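J.: Following the hints, complete the assembly by docking chain B onto the known chain A.
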Amino acid sequence: MTEIAIDRPESRRMGFFTDTTVCIGCKACEVACKQWNDLPADGAVFRKTSSYDHTGSLSASTWRHVRFVEQTEPVPLPDLPAYGGGNGGHGEVDLVAAAEAHGVPQMDRWLFMSDVCKHCTNAGCLDACPTGALIRTEFETVIVQPDVCNGCGYCVPSCPFGVINRDPYDGRAAKCTLCYDRLEDGLEPACAKSCPTDSILFGPYDELVETAKGRVLALHERGVTDAYLYGAGDEPGEQLAGELGAFFLLTAPPERFGLPAQAESPAQENGPVATAAGLAAAALGLAAAVGAFARAHRR
Amino acid sequence: MSHASGPPPEDRIREDHRRAVEGAPDGGRDTTPAVGRRGGPALWRRAVEGSPVALARQAFKDARWSYLYKDDTSYRVRNGADANERIQAAARRMRGSTEIPEGVDANGPFINAPVWTWEVPAYFFLGGVATGSSFVALAADLAGDERSAAIARKVTIAAIGPGAPLLVLDLGRPARFLNMMRIFKPRSAMNAGAWCLMAFSTAGGAAVAADVLGRRRVAKVLGAQTALLGTYLGSYTGVLLASTAVPIWARSRLFLPPIFVCTAVATGAATNRLVLAATGMPSGHPTRDALGTIETVAMGAELALSSFNEKRLGQLADVLEHGRAGRLFEFARWAVRAGLMLRFTRGRFAWEHHVASGLYLAGGLAFRFAWIEAGKASAGDDEAVARMARGKATVKDRLRDGRTTARVRTSARHPGRDARAARVYADAVRRLSLAIEGVLRRG
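Sequence order for the protein chains is A and B. Following this note's numbering, the residues of the first sequence are numbered contiguously, the last one being 309. Following this note's numbering, the residues of the second sequence are numbered contiguously, the last one being 1642.
Among the clues, some could well be false.
DSS-like, lysine-lysine: derived pairs with alpha carbons at most 27 Å apart [to be verified]:
#1 A/Lys37 <-> A/Lys203
#2 A/Lys203 <-> A/Lys44
#3 B/Lys1353 <-> B/Lys1260
#4 A/Lys203 <-> B/Lys1260
#5 A/Lys44 <-> B/Lys1260
#6 B/Lys1260 <-> A/Lys37
#7 B/Lys1575 <-> B/Lys1384
Because the hints were derived from the structure by calculation, they are not lab data. Everything numeric in this text was worked out from a predicted model, so none of it was measured.
The shape of chain A in the complex, shown without the other chains (with noise of 0.2 Å):
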C-alpha cells in the first residue's frame, strides 16, 4: 500500500549497491554526504569501545556511517588477485604470495560496511509517520520532508534498521535523501561519487541486483564462499522488509555488522494483529462493566 508521492512515469527505481569487499574504510563517503547536505559536525571522539570507528552509528546528522568492524580472530587471506583476473599472470606483483610470505594472515582484519538508510519496499518510518512528512519518491526512496515534520519520534523506534533518528537539537527527524536534490537534476547521490574504490555503486535497482550478483558469484568462484547479498535478490518469502533499496554484499553474518538477519514493518507486521487484540479486550472490558453494573443495580 505504498504511494509514491510524487507523480513523474518515466522515473524508475534508483538505489545504491554497497560492496564491502573493495570498501577501505576511508570514510570520503561520510563527509562528502556531510558536505552536500550540509549536516553538522558531531565532534570527533574516540570511543571507550577500542573502535578505531569515532562515528559510531547512523544518526540525525550522519546519513553515512562507515562502520568499522575490528575482528580480531586470524583469518586465511583468500585469493584475491590485486587487479584484472591473472594471480601474477600478466607479471604482476602476486600480492596474496607476498603477504603470506610475510606472516601477514596472522594479523587481525578490519571488515568495513558504509551503512546507510536502507530505503526500504515495507519502511517501518513511513509506515510509522502520522504527519504524512515521511513520502515515497518517484525513485521509490523514503524521504522525510523537513517542512511537514513535527518531531513525535514515532519513526524512530519504527524502523528496524535503526536509521531514522530525531535530531535532539533541532527537533525534527531526518535520514539519508539517496540525495534526493540531485537525483532530481540527473546526479548521482554525494557518497557514490565520492567512493574512491567504487565499493558504493549507483544506478537503476534492477541493473544494480543484477551486478551485485555477478559480484558475489565471481567472490564464490575464487573461494569467498561466504559472500552473500543482503537485501536483495531473495525470494518472496525470505525478503528483508520486501527488499530494500539501498542493499550490501557481505562476508560475515549480518549481526557483525549490526544488522538484523530478519527484518519487516513492524507496524505491517504487527499493526493489524495488536489492533485486533486490543479492540477485542477494550469490548470486553466495554461488555464486563456493563455486567457489573447491571448485575449490582439488580440486586
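T.: Below, chain B without anything else, positioned relative to chain A:
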C-alpha cells in the same frame, strides 16, 4: 521535551575554533555553513528555472563510469542460469538460520531507542483513566444511575483534557502539532490515535455540555458514542508500542493492547469510585460496589496478563526486571497486590477500600512508565534485537509465524489524481503549522 541542552556540537566546535584562531594574523577561517541551519530545508532556486545542472547527463550517465565493474575486469561474472538459486542459497546460509552463528557477537547498535520522555506515559495514564470513565458512564447509564453517569462523563473530560497538551509538549517541534491532522492514515497507530483522541474529546465535551444544559437523552447518546470511541483510545496506545521494532514491545503484540485496556478500565473505575465517594455517595450503594468489582477484576486481569506475558517472553523479559523499568514494575506490582489484599480484607473501615483504589491508580501510573522505560532498555539490548530478528526471541510467538498473519502489504502505486481535495487540505494544514511556528519563534 527531550531536547538536548546547551549549544549543538557544531556551534561548540565553531566556538573552539574561533578561540583558537583569535588574534591569528589572517583572522582565522570562516566556518559558517554554506546555506541554512541545522536540519533546515534547503532553500535555493536555480538561476534559470528548469535549466540543467552542470555535469548532469541523461539517465544518470554520470554514475555509469566505473573502472571496476565494466566487462573488461574480473569484478563480476556473467550470471548463469542457476544464478538466482545460488544467490538465494548464499543469503539463506548466512542469515536464514534461527540461531546466531557460533562465535558471532551481536555487534550493535541495531535499532534506535525511543526518544519519548515522561509526557507520553503520563498521557497513556490519563487517556486510560478517560477511557475507563467513559465505559463507566455508559454502564451507569444502562443501569439507570444517571447521577453517577453524569459525574463519570465529567471525569472523562477532566482526564482527557491534559492529554493533547502533553502530546504536544513531547513533540520535537510543538508548534507544528496540527500536522498530526494533516492526513488520515489508519496504518499509522499514532495518526489514527490522534484522530480518535480528537473525536473522543469532542464527543465527551459535547456530552458534558448536554448534561449542563439538562439534555439527558442527548448526553446519554453522546456518552455512548464516547465509550465506543474509547474502545480504540484505550487500546491504540498498546498497538502504538507493539508496532515498533523494539523487541519487548513487538513481541508482546498480542498482550500489550489488552494489558493497556485492563489498566485503563481499572484506573478509570478507581478514579470514579473515589470521586463518587467524595461527592457523597454512601457506601453500600450498588454503583460503588460495581466500581469496586470492576477495578479489582481489571487490575487482577492486568497482573495475570503481565505475569503470563513476562513468562512467555523468557530471556527478552530481562529488561522488565532490571534497571529503572524493573524498579517501576516492582513498585507497580506490589501496589496492585497490596490493593487486592486490602480489597479482600472485608473492609471494616471505609478508608481501606479507598486506599485500595489509590493503590490501583499508583500501580497503573507506574505500569505506564515502566513499559516506556522497558522499551528504551530493550532497544539497547543488542542480543535481544539480534535474536528477535533470527526469529528465536520467544518460544511460542515466533517471528516466522508472524509473517503468515494477515498484514498490509506495500506495493508500488502512483499517486491518484482524484484525491485533490485531500492534497489541498494537507497543504493548507502544513502552511498553517509553519505560520504558527513562525509566530511562536519570533515571540
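J.: Indicate, hint by hint, whether the structure satisfies it.
T.: How the hints compare with the structure:
At roughly 13 Å between alpha-carbon atoms, A/Lys37 and A/Lys203 fall within 27 Å of each other, so this suggested pair holds. Under the criterion of a C-alpha separation no larger than 27 Å, the hint pairing A/Lys203 with A/Lys44 is consistent with the structure, at around 13 Å. Distance hint between B/Lys1353 and B/Lys1260 is unfulfilled; the C-alpha atoms sit about 66 Å from each other, more than 27 Å. Straight-line distance between C-alpha atoms of A/Lys203 and B/Lys1260 comes to about 12 Å, which keeps the hinted pair within the 27 Å bound.
With a CA separation close to 24 Å, the supplied pair A/Lys44 and B/Lys1260 stays within the 27 Å bound. A threshold of 27 Å between alpha carbons decides the hint, and for B/Lys1260 with A/Lys37 the separation of about 24 Å falls inside it, so the pair holds. Of the pairs offered as hints, the one joining B/Lys1575 and B/Lys1384 holds, with about 26 Å between alpha carbons and a cut-off of 27 Å not exceeded.
Hint compliance for this structure: hint 3 alone is broken.
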